[in-house]
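Chemist: Each chain is listed here by its residues.
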Amino acid sequence: MTRKMVLVDTSKCTGCKACSVACKAWNELPAEKTKLITSYQTQKDFTTKTWTYMTFIEKYENHTMNWLMRKAQCFHCADPACLKACTSDAIAKTDSGYVVIDQDKCTGCGYCVENCPFRVPKVDPVKKKAYKCTGCIERVENNLKPACVQTCQPGALEFGDREALLVQTKKRLAVIQETHPRAQLYGEKEMGGMTFLYLLLDSPEVYNLPVNPTIPLSLTLWKDVVRPVGGIALGGAAAAVVIGVFANLLRGNYRPSDNKVDNVPHVKDSKEGGED
Amino acid sequence: MSIKLEPRNQALGRIDSDMVLRFSTGERVSHWVHAITFFALLFTGLGVLSTFFQPALTLVGGIQVARLIHRGSAVVFIVVVGLMFFVGNPRYHWRWLKSVFNFTKSDWQHVSAFPKEFFGGHGAYPAQDKFNGGEKINSLITILGSVFITLSGIVMWWAPSFPAGLVHWAYPVHDLSMFVMTASVIGHMYLGLLHPDSRAAMSGMLSGYVSTKFARAHHAKWYDELKNEQKDV
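Quick mapping for you: the protein sequence lines, in order, are chains Y and R. Numbering of the first sequence is given in my numbering, commencing with residue -14 and proceeding in unit increments. Numbering of the second sequence is given in my numbering, commencing with residue 1270 and proceeding in unit increments.
These are calculated hints, taken from the structure and not from any lab test.
Which residues of chain R face chain Y? A few of them, derived with a C-beta cut under 7 angstroms, are: (1) Val1317; (2) Phe1388; (3) Gly1389; (4) His1437; (5) Pro1441; (6) Thr1451; (7) Ala1452; (8) Ile1455; (9) Tyr1459; (10) Leu1463; (11) Pro1465.
Label-pair ranges, simulated between beta-carbon atoms: (12) Glu148/Y with Ile1412/R: 53 to 59 angstroms; (13) Leu235/Y with Pro1324/R: 37 to 43 angstroms; (14) Glu148/Y with Ala1304/R: 57 to 63 angstroms; (15) Glu1494/R with Tyr239/Y: 28 to 34 angstroms; (16) Glu1498/R with Gly216/Y: 44 to 50 angstroms; (17) Val1416/R with Thr19/Y: 40 to 46 angstroms.
Heads up, the beta-carbon is just placed ideally off N, CA and C, and yes, glycines get one too.
So that you can see chain Y by itself, here it is in the shape it has in the complex (with noise of 0.2 angstroms):
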C-alpha cells in the first residue's frame, strides 16, 4: 500500500469534538469522566480509552482572541521513538506509514511512554499493555477513510495518498498564511515525516508542542551503541575465559603438584633472586 496521510487542517476545525465521539464509537472504547481544563478543553492528555481529543488554546494579540483547536492523536511517525525504545517488538510501522502497537506482545513496560516526543502512547496499570490511537488501520487497510475523518464535517480532515495530499496541503497553506502569516505546516519534516500531518495556524509552541521533536539522545545512545557494544564486551569476557582455560590445560596448570602455590613466583623479589 503507498503511504498515507491524514491532514489535519486546523484552519477549518470548528472543535465540535465530533472526530472524538466517533474514535471511541469505533474502536468501542468507553466514555472516561472529563473535567474542564480550559474553557472548551475537556480532556487534558491521552489516556488508555481515550486516543483523540481537541485542545482550545485563546491566544490574545491587539485586543481580539485567537481561538486556536487542534485535534491530538498519535503523528505515526516516519521514524517513530516509540519503536526503537520498545523492549518486546510490540510496535510496527506499516508501508502505508502507520504506527501500530500489538498488545499480544506488549509487556507494558512503559519505555514507548517515556521515550515518545509527545507522549502519545498510555499504559493501562491493570492490563499492562499499552495503547495509543491505531489510525484505524483496519479501515485504511479495507478502502475505508478513519473513522475521524470519515465523521469530519466541516472537512478539517482529509485523508488521501501522502504524495498527492501534500501538494494539495501546501496550495492550501499559500492561501491561509495571506491571512494569517505564521501559518504552517507540522509533520512534513519532523519526525522523518508523519502520517498525521498538521496545518497550523500559529507556530507550533502556541499549540504547546515540541518545534523540533527528534528521537531522544539517550535512546540512540542505548539502542545504538550500548547495547551492541556492551553485548560484545560480554562475548569477549566469555571468550577470554574460554581461552583461559584452554591456556592453562596447554600449559598443564591443572595438572596436581604438591607444592604448586609455593611454585607460583608472584613475588617481584623471590623472582628476581633477592636482591635485598
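Knowing the structure of chain Y, use the given hints to seat chain R on it.
Modeler: Only chain R this time, still in chain Y's reference frame:
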C-alpha cells in the same frame, strides 16, 4: 579449625595454624546476598533486554512475575548489603571500601601483570595487600556499578515522578552498568572457580579461611601485617 564467634566490631585473631581468616561472616553474607540477588536480577531483567529471552521467563511464571521478582530482589540487593555496613561486625566492610579506593603503584603493577596470569602465565608484581590490584578493580566495578544501577533503577521504577529527561538517561545507564558488571562477573567467576592458581581463594568466601600457603603466595603484604598484629596481641 573452629569457627570463631565475632565480637561486635572488633578485630579478629586471624591466623590459625595453617589457615588464615580472610573474610568475616559479615563480608561473606554481603558477598553471597549480592551474588544471588545479582543473578536473580540479571535473569529477570533479560526479558526487556531482548525478546529472545522472553520464553525463558516462563520458568518464573512470565514476564510480569519476573518484573515483581526483579523489584523484590533489587530491594534485598540494596537493603541487606547496605545494612551490613552498619550491623554486626561492619569494620571489615569499611576497611574494604577504604582499601579499594586507595589504588597504589603496586596495584597498577599487579594489573599490568594480570593478563599474563589470567591466561595461565606468571607475571611479576610486588607483594599484594588483602585485595590485589585486580580484586580492587573488580570491587570498584561492583561498587560503582551497584550505585549507578540502583539510582537509574529507582528513576525507572517511579518514572512518572521524575522529569522525562532524567528517565530517558536512566535506561542507557541501567544497561551500561549491567553490561560492565556482568562482564566483570564472568571474569570473577573464572578466577574463583576455574583458574588453577586463584581458585584457591574460593574457600575464603565459603568458610572464611584460606590456606596460609595461599595467603603468603598471593597476599604477602597482608599476611605479614596480620602476623605482626597477632604478635603484638
